[in-house]
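Asks: Protein sequence lines correspond, in order, to chains A and B.
In terms of the numbering used here, the first sequence opens at residue 1 and continues consecutively.
In terms of the numbering used here, the second sequence opens at residue 1 and continues consecutively.
Simulated from the structure, these hints should not be mistaken for laboratory data.
Ideal Cβ positions, reconstructed from N, Cα and C, are used throughout, including at glycine.
Hints are supplied without guarantee of correctness; some may be wrong.
[Unchecked claim] Which residues of chain A face chain B? A few of them, derived with a C-beta cut under 8 Å, are: (1) Val200; (2) Glu203; (3) Glu215; (4) Gly354; (5) Leu640; (6) Gly643.
[Claimed, not checked] With a straight-line Cα cutoff of 16 Å, these simulated EDC-like cross-link-like pairs (lysine to aspartate or glutamate) come out: (7) Lys22(A) x Glu488(B); (8) Lys652(B) x Asp642(B); (9) Lys39(B) x Glu29(B); (10) Lys370(B) x Glu297(B); (11) Lys471(B) x Glu488(B); (12) Lys233(B) x Glu203(B); (13) Lys89(A) x Glu118(A); (14) Lys638(B) x Glu611(A); (15) Lys638(B) x Asp615(A); (16) Lys653(A) x Glu630(A); (17) Lys638(A) x Asp615(B); (18) Lys507(A) x Asp553(A); (19) Lys700(B) x Asp537(B); (20) Lys321(B) x Asp355(B); (21) Lys614(B) x Glu488(A); (22) Lys638(A) x Glu488(B); (23) Lys233(B) x Glu549(B); (24) Lys321(B) x Asp491(A); (25) Lys563(B) x Glu586(B); (26) Lys514(B) x Asp537(B); (27) Lys56(B) x Glu29(B); (28) Lys331(A) x Asp366(A); (29) Lys494(A) x Glu456(A); (30) Lys321(A) x Asp366(B); (31) Lys475(A) x Glu488(A); (32) Lys22(B) x Asp355(A); (33) Lys614(A) x Glu578(A); (34) Lys466(A) x Asp491(A); (35) Lys614(A) x Asp355(B); (36) Lys398(B) x Asp355(B).
There are 2 protein chains.
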Amino acid sequence: MLDAFFDPKSVAVIGASADPGKLGYAVLENLVKGGYAQKGEIYPINRKADEILGYKAYASVNDVPHDIDLAVIVIPYLYVPAVLRECGKKSIPAVVVITAGFRESGVDGLERERELIEIANTNGMRLVGPNCLGVIDTFTPLNASFSAGTPPQGPMAFMSQSGALGTAILDWAQAGRLGLSKFVSLGNKADVSEIDLLKVWGEDPNTNVILIYSEGLPNGQEFIRVAREVSRKKPIVAIKSGTTEAGSRAVSSHTGSLAGSEQAYKAAFQQAGVLRADSMSGMFDMALALGYQPPLEGDRIAIITNAGGPGILVTDALEQKNITLARLKIKTRQTLENYLPEAASVANPVDVLGDAKADRYQVAIDTVVKDPNVDGLIIVLTPQAMTEIPATAEAIGKLSQKTDKPILACFMGEAEVEAGVKVLRKYGVPNYPFPEGAALAIRAMSDYREIRKLPEPEYVHYDIDKEATQKVLDKAASEDRYAIGDAEAWDILKSYGLRVPNSQLAKTADEAVKFASEIGYPVVLKIASPDILHKTDVGGVKVGLRNAEEVRDAFDLMLYRTKRFIPNARIWGCQVQEMVPPGGTEVLIGMNRDPQFGPLVTFGLGGIYVEVLKDVTFRIAPFSRREAEEMLSEIRTKALLDGVRGNPPVDKKALIDIILRMGQLVQDFPEIVEFDINPLIVYPEGQGAVAIDMRLVFTKND
Amino acid sequence: MLDAFFDPKSVAVIGASADPGKLGYAVLENLVKGGYAQKGEIYPINRKADEILGYKAYASVNDVPHDIDLAVIVIPYLYVPAVLRECGKKSIPAVVVITAGFRESGVDGLERERELIEIANTNGMRLVGPNCLGVIDTFTPLNASFSAGTPPQGPMAFMSQSGALGTAILDWAQAGRLGLSKFVSLGNKADVSEIDLLKVWGEDPNTNVILIYSEGLPNGQEFIRVAREVSRKKPIVAIKSGTTEAGSRAVSSHTGSLAGSEQAYKAAFQQAGVLRADSMSGMFDMALALGYQPPLEGDRIAIITNAGGPGILVTDALEQKNITLARLKIKTRQTLENYLPEAASVANPVDVLGDAKADRYQVAIDTVVKDPNVDGLIIVLTPQAMTEIPATAEAIGKLSQKTDKPILACFMGEAEVEAGVKVLRKYGVPNYPFPEGAALAIRAMSDYREIRKLPEPEYVHYDIDKEATQKVLDKAASEDRYAIGDAEAWDILKSYGLRVPNSQLAKTADEAVKFASEIGYPVVLKIASPDILHKTDVGGVKVGLRNAEEVRDAFDLMLYRTKRFIPNARIWGCQVQEMVPPGGTEVLIGMNRDPQFGPLVTFGLGGIYVEVLKDVTFRIAPFSRREAEEMLSEIRTKALLDGVRGNPPVDKKALIDIILRMGQLVQDFPEIVEFDINPLIVYPEGQGAVAIDMRLVFTKND
């Protein structure tokens with residue numbers, strides 16, 4: 001689909017230059033030196049030159065007497081629209097606009113960028129950039145960028161929203177740290193975005209792992225959908241930088257104050273199966289193992305080391321990442337005892353001792369790698385007097401090619417171990433100079449194993465009374481009210497199958513007494529007014545009213561007080577409400593609409609757990625039953641759901657059902673901006689849950 | 001005090017060899033090549049040779065006709081004791097035993113090591129090792145080790161319990177990553193330990209920062225005392241690896257199950273002002289900034305970058321470490337506007353744009369560094385087409401010498417930036433290829449600023465009735481009971497000035513009724529028996545008894561039930577106890593004795609906060625009032641102490657007082673192994689606290 005960007009039959013460089021100080025020179029030179037000269041046709045476009053770098057130059061793409069697959073534009077921004085139109089006329093399918101001066105430079109630039117999009121769309125062209133570094137495919141080979149040199153081939157495809165970070169990454173690659181299959185500097189993402197590249201790189205046989213540096217994912221829901229499919233096939237590692245402006249997001253709810261861009265990204269990456277890197281170094285640590293080594297089929301890791309201290313450091317680092325050491329089989333230990341000196345440790349970590357030469361490493365690795373209790377190996381080497389560094393690396397490399405278990409190296413040091421590290425690279429064995437890098441890599445491989453196994457999400461659909469909710473919203477909107485609660489909110493919840501307290505709206509004290517006796521004492525009385533949001537603040541809630549007298553007194557007092565506090569409030573009367581039975585656990589379910597990813601649903605325990613501990617978790621709707629189940633086990637206070645201090649476990653089935661129904665609600669009604677159900681009282685297993693209170697905010701439909 | 005190790009007038013190498021395959025050759029060669037040949041006398045000791053590497057050899061140290069300051073022993077372990085005795089006879093003050101085969105190799109080895117200690121003590125010798133790499137002082141210069149080459153000079157002194165890790169570090173140093181003042185491989189620490197080195201390195205003018213890799217600190221209390229003094233003078237960065245066996249530690253208490261070696265180290269390093277590194281790379285990141293740059297006097301950091309993306313990454317990394325960006329003064333921004341291109345960003349992060357050459361960096365840094373709102377700078381560089389890498393590094397280096405604000409560099413990439421990084425090193429400007437390294441360094445500098453400012457801890461001493469506690473313990477011990485609770489525990493708490501509920505031991509139901517009316521209804525009744533630890537499990541606790549009848553019934557029922565459950569239990573009767581007033585907050589105060597650091601005092605909120613959230617914090621006694629105060633603000637649920645949901649704040653003063661009194665108790669009675677006060681009910685400000693229950697375990701006095 002984007003073939004013309006990565007494997008074009010011909011490339012035009014618009015703005016090609018013979019002046020080595022210009023970008024138009026760098027791009028042309030990279031095309032030539034990057035190996036494309038042997039692969040396809042190169043057409044420099046320059047109004048004044050006849051020939052550049054030995055290639056015949058043309059004044060315009062329309063002067064080129066052959067088809068052009070890819071055009072790279074490096075001319076001043078004012079001329080870009082006109083030239084892009086020429087490309088359209090020439091039916092060039094793919095264009096890279098390197099030129100800056102568009103959206104990133106203000107309002108005028110944004111206007112110019114819109115023009116580019118318009119031209120590209122009209123002519124059926126795909127466009128990378130503007131304001132980018134270019135595109136590289138090391139297998140074609142094609143270097144259509146102004147990078148300094150071409151990176152070595154390898155299994156990693158990298159897309160970067162930041163061009164500068166792209167240059168840094170290419171520099172690491174050229175230093176031999178990593179090999180790339182493809183590289184795209186996305187720039188302003190006027191057309192081609194992360195989503196487009198994910199789709200094609202997911203099918204690219206030269207790419208084992210996809211790396212993303214992104215500063216924002218405007219089309220978040222589609223990103224999740226596409227990434228979820230691709231991540232089942234090959235690992236995606238992403239680094240998300242910067243914080244997104246919350247924009248018009250309302251923050252009157254608990255959920256609103258807890259849900260930020262960070263929470264949305266966390267949920268999105270988790271649901272999409274994207275491995276998240278906290279840092280650039282972390283991204284490379286993960287990508288090296290995922291890209292060069294076979295999958296890790298279990299979490300039992302063996303360590304082979306020539307020194308105790310570093311062995312402990314690696315063990316600690318693994319433990320910090322929740323990775324367990326393998327328990328070696330007795331047979332393995334016996335074999336090791338036969339081959340290793342007496343003082344060696346044959347339990348994991350296996351210590352081959354400071355005087356170990358390559359042969360001793362080799363026999364230890366060869367023995368341990370065959371142990372069925374071992375899923376992966378980390379080989380630690382410290383440069384000691386007798387250590388044979390390149391020979392040991394050679395042994396590790398050869399053994400790594402004979403096994404389908406991943407092997408990582410941890411050659412500690414720099415000057416002395418460098419020769420060994422080079423040998424390791426030749427064999428695709430990643431080296432981590434520090435233990436924590438290796439541990440992070442193992443963690444990522446372990447996480448990716450689980451991601452690969454995940455079933456396609458199945459979305460539950462409940463048969464609910466959507467009409468009833470629509471009516472509530474319409475009525476409120478007709479009165480210009482966009483924040484609703486109480487009985488209206490209950491009507492919505494009821495229409496989505498939730499249990500709410502029995503309740504009646506009483507206009508007079510007499511009515512209140514009558515309803516109370518119907519509902520059954522004790523009852524709760526609440527002021528009913530669309531203008532009073534925080535009822536308790538004005539004495540608008542009384543609980544545990546035990547008889548007619550108490551109800552009558554409370555009714556009169558409430559009306560008196562609320563009128564005094566908020567003279568202009570519309571008072572509908574008082575809601576007479578069932579006292580729900582004791583013995584339940586208070587939880588909160590909420591929703592807030594993220595500007596990029598859409599409906600972000602929150603779950604956590606209520607009261608101080610949400611207020612003080614902020615112990616909540618998030619999912620982006622739609623989510624599956626499995627994902628809703630995960631939410632219950634992600635909060636720190638999950639033990640309270642399982643029952644502590646003699647309390648029985650709560651009705652998790654009912655709770656999950658409610659979370660899923662609320663996920664459906666926020667999809668059915670995109671105009672709902674946020675809500676809190678707080679508290680939802682969950683009773684012990686089999687006894688369900690009752691939603692006590694809900695506040696919901698929605699917007700006008702356009 | 002340890003001068004002879006670092007600046008000896010003469011060195012004997014016992015086991016010196018002319019065979020390049022032997023350690024005895026490597027040590028002698030390092031002495032010679034490391035520059036010591038020009039500094040002092042070198043005496044190879046070898047029974048068979050006349051001359052080695054051009055130096056006259058002797059059969060024994062006693063054949064050397066001059067004084068010897070330092071002896072390095074590299075002979076098979078069987079001969080070490082005899083040779084050490086010869087060193088004693090020769091009055092050699094300092095000995096490094098490189099030879100392995102001692103404590104680390106089992107019971108026989110431990111016996112041999114004890115012999116070494118005995119010989120050293122008898123002869124007044126100090127001993128480094130055995131089983132170590134040796135000692136280096138780059139300023140003397142002295143390389144008395146078998147390291148591969150000598151590290152470059154620098155401000156960092158490094159002590160390592162692991163020799164292998166030592167070699168890795170020396171290798172990093174030789175690659176130019178860091179410069180060392182001193183290096184000691186501590187080996188088995190038979191004599192010289194971390195504590196000894198801290199004392200002398202604290203006074204060493206060549207050392208700006210002390211680095212420790214340790215696997216255990218047996219003399220923990222002294223380590224804290226010494227490190228606290230030294231850390232006020234220069235930063236100490238430590239990495240603690242591995243977990244210490246809990247040994248005989250009892251774990252019947254909450255505190256016991258929460259307090260592990262990890263918690264003890266955390267508290268110890270915090271109280272000692274030691275900066276803790278989580279990883280080797282983190283240690284170097286911190287040490288480079290602390291060792292080479294001036295102190296960071298505030299947390300307002302400015303970033304200067306030639307690309308937006310990396311600027312965001314650095315901002316994010318700083319934010320993750322709770323470091324704030326500086327707000328540049330208007331004047332600064334105006335000056336920047338004058339000098340930078342229009343498209344540049346003059347707010348922090350300052351973006352000098354991708355085409356910035358060295359001069360533009362220079363003017364930006366020069367302007368920003370003078371802003372009084374800026375405490376430190378991070379200069380980000382990505383290798384772009386126009387970037388002048390070494391020239392920019394030169395500019396940064398020169399500016400760094402003119403300011404007393406720390407400047408860190410973040411040159412991203414590898415191959416292309418290498419030349420610049422070398423220039424930066426020349427000027428002592430640390431470079432962090434990844435933003436998170438720079439952020440970690442800034443965090444460490446900020447933490448160290450606070451450590452330097454800390455006052456000497458003042459230990460409070462309460463005038464308490466120690467005798468009364470002694471009596472309780474003696475009585476229990478005389479009956480062979482080492483776990484006590486209830487009234488006995490209350491007596492201890494009372495003698496340390498704590499409030500406990502009113503209570504009387506009733507032997508009969510009549511007595512119980514009599515006491516209850518004296519105490520005032522409602523009361524609590526509890527079975528009193530030294531053999532029943534979990535009273536509620538056997539129905540041994542009844543609360544809220546409102547009258548004589550209820551007390552009588554409860555008494556009889558309790559006796560009947562407990563006798564049926566535990567037939568052989570000694571029953572003393574029932575404790576009649578005051579019901580403490582409602583409205584308090586439950587907290588837990590506990591203690592557990594750590595094998596290395598001694599009494600580890602715990603504080604946290606009671607109930608589910610400790611059981612489910614394990615939300616507790618620790619200090620090692622003795623601790624100051626300030627340290628006790630810190631405990632209250634370290635728990636995640638600290639908001640509950642300040643009052644939430646309309647509750648008033650608790651009586652923190654009383655709580656701190658109680659924590660300090662308990663700190664005194666565990667110091668007064670080293671035989672107390674652990675206790676839990678759970679719950680302690682803390683009332684609102686000014687209303688104090690009541691200890692409801694305490695369980696305490698102590699050991700036999702020897």
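Asks: Each hint should be assessed against the structure and marked as holding or not.
Replies: Status of the hints after comparison with the structure:
Hint on Val200(A) is violated. Least Cβ distance to chain B is approximately 23 Å, over the 8 Å limit. The interface hint given for Glu203(A) is broken, as the beta carbon of that residue sits about 28 Å from the closest beta carbon of chain B, more than 8 Å. Taking 8 Å as the C-beta cut-off, the interface hint given for Glu215(A) holds, the closest approach to chain B being about 7 Å. Annotation: Gly354(A) was flagged as interfacial toward chain B, and the flag holds, the nearest CB pair being 6 Å apart, inside 8 Å.
A distance limit of 8 Å between C-beta atoms decides the matter here; for Leu640(A) the minimum to chain B is near 6 Å, and the interface restraint holds. The beta carbon of Gly643(A) is not positioned within 8 Å of any beta carbon in chain B (closest approach about 11 Å), and the interface hint is therefore violated. For the given pair, Lys22(A) sits about 88 Å from Glu488(B) by alpha-carbon distance, which is inconsistent with the 16 Å threshold. Taking the CA atoms of Lys652(B) and Asp642(B), the gap is near 9 Å; set against the 16 Å cutoff, the hint holds.
Taking the CA atoms of Lys39(B) and Glu29(B), the gap is near 15 Å; set against the 16 Å cutoff, the hint holds. Under the criterion of a C-alpha separation no larger than 16 Å, the hint pairing Lys370(B) with Glu297(B) is consistent with the structure, at around 14 Å. Straight-line distance between C-alpha atoms of Lys471(B) and Glu488(B) comes to about 10 Å, which keeps the hinted pair within the 16 Å bound. The suggested pairing of Lys233(B) with Glu203(B) holds, with an alpha-carbon distance near 9 Å, which does not exceed 16 Å.
With a C-alpha separation of about 14 Å, the suggested pair Lys89(A) and Glu118(A) falls inside the 16 Å cut-off, and the hint holds. The hinted pair formed by Lys638(B) and Glu611(A) meets the criterion: a straight-line CA distance of about 12 Å does not exceed 16 Å. As the CA atoms of Lys638(B) and Asp615(A) are separated by approximately 15 Å, the hinted pair is consistent with the 16 Å bound. With a CA separation close to 12 Å, the supplied pair Lys653(A) and Glu630(A) stays within the 16 Å bound.
For the hint linking Lys638(A) to Asp615(B), the alpha-carbon distance of about 15 Å falls within 16 Å, and the restraint holds. Taking the CA atoms of Lys507(A) and Asp553(A), the gap is near 14 Å; set against the 16 Å cutoff, the hint holds. Taking the CA atoms of Lys700(B) and Asp537(B), the gap is near 29 Å; set against the 16 Å cutoff, the hint is violated. For a cut-off of 16 Å, the pair hint linking Lys321(B) to Asp355(B) is broken: about 31 Å separates their Cα positions.
This hinted pair does not check out: Lys614(B) and Glu488(A) have alpha carbons roughly 41 Å apart, beyond 16 Å. Under the criterion of a C-alpha separation no larger than 16 Å, the hint pairing Lys638(A) with Glu488(B) is inconsistent with the structure, at around 37 Å. Simply put, Lys233(B) and Glu549(B) have alpha-carbon atoms about 69 Å apart, too far for the 16 Å limit, and the pair is violated. Restraint check for Lys321(B) and Asp491(A): the C-alpha separation of about 46 Å exceeds 16 Å, so the hint is violated.
A distance of roughly 32 Å separates the Cα atoms of Lys563(B) and Glu586(B); the hinted pair therefore is violated under the 16 Å criterion. A threshold of 16 Å between alpha carbons decides the hint, and for Lys514(B) with Asp537(B) the separation of about 27 Å lies outside it, so the pair is violated. About 14 Å separates the Cα atoms of Lys56(B) and Glu29(B), which keeps this hinted pair within 16 Å; it holds. Distance restraint check for Lys331(A) and Asp366(A): the Cα-Cα separation of roughly 13 Å lies within the 16 Å cut-off, and the hinted pair is therefore satisfied.
Under the criterion of a C-alpha separation no larger than 16 Å, the hint pairing Lys494(A) with Glu456(A) is inconsistent with the structure, at around 30 Å. Only pairs whose Cα atoms come within 16 Å are accepted, and Lys321(A) paired with Asp366(B) is rejected, the gap being roughly 43 Å. For the hint linking Lys475(A) to Glu488(A), the alpha-carbon distance of about 10 Å falls within 16 Å, and the restraint holds. For the hint linking Lys22(B) to Asp355(A), the alpha-carbon distance of about 12 Å falls within 16 Å, and the restraint holds.
Restraint check for Lys614(A) and Glu578(A): the C-alpha separation of about 30 Å exceeds 16 Å, so the hint is violated. For the hint pairing Lys466(A) with Asp491(A), the CA-to-CA distance comes to about 11 Å; that is within 16 Å, so the pair holds. Pair hint Lys614(A) plus Asp355(B) does not hold up; C-alpha atoms about 45 Å apart against a cutoff of 16 Å. With a C-alpha separation of about 21 Å, the suggested pair Lys398(B) and Asp355(B) falls outside the 16 Å cut-off, and the hint is violated.
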